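*Asks:* First to last, the protein sequences are chains A and B.
Here the first sequence is numbered in this note's numbering, starting from 3 and rising by one per residue.
Here the second sequence is numbered in this note's numbering, starting from 3 and rising by one per residue.
Just so you know, these hints were derived from the structure itself, not from any lab.
Computed from a prediction, not measured in an experiment: that's the story for all the values here.
Misleading hints may appear alongside valid ones.
Note that identical chains are pooled: a pair holds if it fits in a single copy or bridges any two copies.
The calculated lysine to aspartate or glutamate pairs, modelled on EDC-like cross-linking and capped at a C-alpha distance of 20 Å, are [said to hold, decoys possible]:
(1) 22 x 155
(2) 36 x 166
(3) 137 x 201
(4) 143 x 129
(5) 36 x 155
(6) 105 x 166
(7) 47 x 18
(8) 13 x 64
(9) 263 x 178
(10) 14 x 59
Number of protein chains: 2
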Amino acid sequence: MDLKKFLNDRKKLIDETLEKIIPPENTFPPNIHKAIRYSLLGGGKRIRPILTLSAHELVGGDYKSILPFACGIELIHTYSLIHDDLPAMDNSDLRRGKPSTHKVFGEAIAILAGDALLTLAFQIMTDLNLFNDYKPITILKAVHIIAKAAGLEGMIGGQTVDIETQGDAFDLPLLEYIHTHKTGALILGAIKAGAILGDAGEEELAALTKYGETVGLTFQIIDDILDIEGTKKALGKSTGLDMVQDKATYPRLLGLEAARKRAKELTEQAERALDIFNHQKAEPLKQIARYICERIQ
Amino acid sequence: MDLKKFLNDRKKLIDETLEKIIPPENTFPPNIHKAIRYSLLGGGKRIRPILTLSAHELVGGDYKSILPFACGIELIHTYSLIHDDLPAMDNSDLRRGKPSTHKVFGEAIAILAGDALLTLAFQIMTDLNLFNDYKPITILKAVHIIAKAAGLEGMIGGQTVDIETQGDAFDLPLLEYIHTHKTGALILGAIKAGAILGDAGEEELAALTKYGETVGLTFQIIDDILDIEGTKKALGKSTGLDMVQDKATYPRLLGLEAARKRAKELTEQAERALDIFNHQKAEPLKQIARYICERIQ
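Taking the hints into account, I'd like the entire structure generated from these sequences.
*Replies:* Shown next, in the form of structure tokens:
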């Protein structure tokens with residue numbers, strides 16, 4: 003398969019769906035709607051919703067029918083970027099190649115736009131008009147998984163520890179806590195929700211959980227590496243911030259080479275986890291795992 | 003009926019449920035969990051969840067079985083207070099009789115604690131283990147109503163306009179937009195969710211919607227009046243801020259007397275809306291409407 007084409011096609015569908023499910027440009031009140039469109043559209047790899055769609059397809063679902071749900075996860079991801087970039091948090095000026103939301107719209111609107119995206123995600127994910135042929139109990143379970151993944155036991159827990167341990171000494175358990183929570187949890191949640199919406203069996207869910215855990219951790223390790231080795235231009239966000247902010251990262255703990263080795267090992271584990279599935283059907287997720295490990299942006 | 007006892011009994015049940023559904027005091031990471039408990043527990047009249055329980059009971063439901071759902075709404079209300087108090091927003095130092103969350107825990111933790119409460123609300127409202135005998139489709143519909151009420155078409159829309167029009171000239175339509183959205187929407191949503199969880203009929207839902215709209219608007223009019231007439235001690239929050247921040251309020255537009263008259267008219271409308279119900283069963287909500295109109299805190 004042609005991964006680049008695959009990712010582009012899915013990204014296009016996701017972007018089209020995002021455009022449909024968020025309020026139009028000229029909605030009142032104007033600034034917050036502009037801020038939401040500015041943050042959400044015209045940037046982003048859409049990795050999380052793509053993983054949701056692919057996991058759904060792998061267990062036999064029709065990915066097109068869960069596009070709005072998958073987009074809800076991208077809304078949650080985008081809200082987390084807006085809030086993380088705030089002056090009181092990571093104080094980042096650049097995001098997805100553009101000035102960050104609070105730089106353009108001010109702090110108040112940035113906080114409110116983040117709140118609005120998080121709330122809108124749940125509004126969309128619970129909108130029965132957007133789903134055909136999905137059982138309400140299945141939707142409820144999937145929404146619950148996303149809420150848990152995005153919350154204190156997941157993303158917010160990780161972001162909190164990330165912020166609070168800046169400048170502290172750190173060890174591998176703390177580092178892995180931050181990584182598995184801050185980034186890994188929502189990636190894993192996205193995959194599990196896709197599988198559950200497709201009525202995945204226990205064995206399938208366990209395999210995709212293993213896949214999601216390893217891919218989620220890899221994603222953050224590579225993020226840390228790119229913060230050192232990547233360029234601002236390629237990444238579309240400020241680099242070198244981890245060192246300046248004295249953050250717990252893999253390369254700082256183990257060195258760049260060992261960090262890259264760990265990412266490769268995890269990626270092999272991720273691919274192996276999918277061996278229970280039909281080889282050809284599992285190919286997209288396997289290639290995405292390698293892409294996440296080898297990405298340069 | 004003895005309203006004071008009624009409200010106290012319900013408040014006690016809600017406080018006990020809140021204690022059960024939020025993570026224990028010593029959960030890692032510590033500060034955000036402390037901030038959540040600080041903001042949520044030990045203060046607040048719990049009007050929104052009480053309205054949910056009462057609407058549920060009025061249409062024949064068992065209020066005790068939706069206590070966690072009703073508490074989810076209080077989590078959303080509390081998150082909105084934390085974020086509204088932030089320096090970039092209303093910059094309030096006092097809330098529920100104590101220093102506001104960001105004053106005690108810093109801005110980063112206050113933002114994250116707000117995010118966490120909003121997310122946890124949806125986690126709880128979609129937790130099938132917390133509901134017995136409720137149909138998943140009914141729960142989904144109720145969660146969707148709350149998401150919509152809390153979002154751009156509701157609370158966040160109102161808060162955005164409130165912040166953005168400070169210092170501007172304002173008229174009655176703008177003022178009513180702010181009031182019905184910022185405060186009214188979640189109060190109405192709380193009532194509608196309670197009714198829908200109780201499988202309310204169309205006529206019942208229409209009556210409770212009318213009740214919710216009028217009571218929600220009354221709540222904010224009285225809030226505006228108390229910002230002028232109330233004392234910091236009784237209210238547990240700073241007063242006089244509306245005037246300092248040049249905000250759109252009823253008393254500023256119409257004067258105190260006309261504002262109070264409007265609140266009374268709305269309250270009479272709220273009571274009349276409930277005339278379709280058994281007189282005795284509707285008494286709690288009728289008395290709550292009067293309490294909201296006559297409250298001094």
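*Asks:* Next, verify each hint and record whether it holds.
*Replies:* Structure-based check of all given hints:
Taking the shortest Cα distances, residue 22 and residue 155 sit within 20 Å of each other only across copies (16 Å), while inside one copy they are farther apart (31 Å). Only between protomers do residue 36 and residue 166 lie at most 20 Å apart by alpha-carbon distance; the minimum there is 14 Å, versus 32 Å within a single protomer. In this homomeric assembly, residue 137 and residue 201 come within 20 Å of each other (Cα to Cα) both inside a single copy, at 10 Å, and across copies, at 19 Å. Taking identical chains as interchangeable, the C-alpha atoms of residue 143 and residue 129 lie at most 20 Å apart whether they share a chain (14 Å) or sit on different chains (8 Å).
Only between protomers do residue 36 and residue 155 lie at most 20 Å apart by alpha-carbon distance; the minimum there is 15 Å, versus 31 Å within a single protomer. With identical chains, the CA atoms of residue 105 and residue 166 are at most 20 Å apart between copies only, with a shortest distance of 17 Å across copies and 23 Å within one. Proximity of residue 47 to residue 18 under the C-alpha cut-off of 20 Å is restricted to the intra-copy arrangement: shortest distance 14 Å within a copy versus 44 Å between copies. For the homomeric pair residue 13 and residue 64, the shortest alpha-carbon distance inside one copy (16 Å) is at most 20 Å, but the shortest distance between copies (46 Å) is not.
For the homomeric pair residue 263 and residue 178, the shortest alpha-carbon distance inside one copy (16 Å) is at most 20 Å, but the shortest distance between copies (60 Å) is not. Taking CA atoms no more than 20 Å apart as the test, residue 14 paired with residue 59 passes inside one copy only; the shortest distance there is 17 Å, against 48 Å between copies.
Comparing the model with each numbered hint stated earlier shows that all of them hold.
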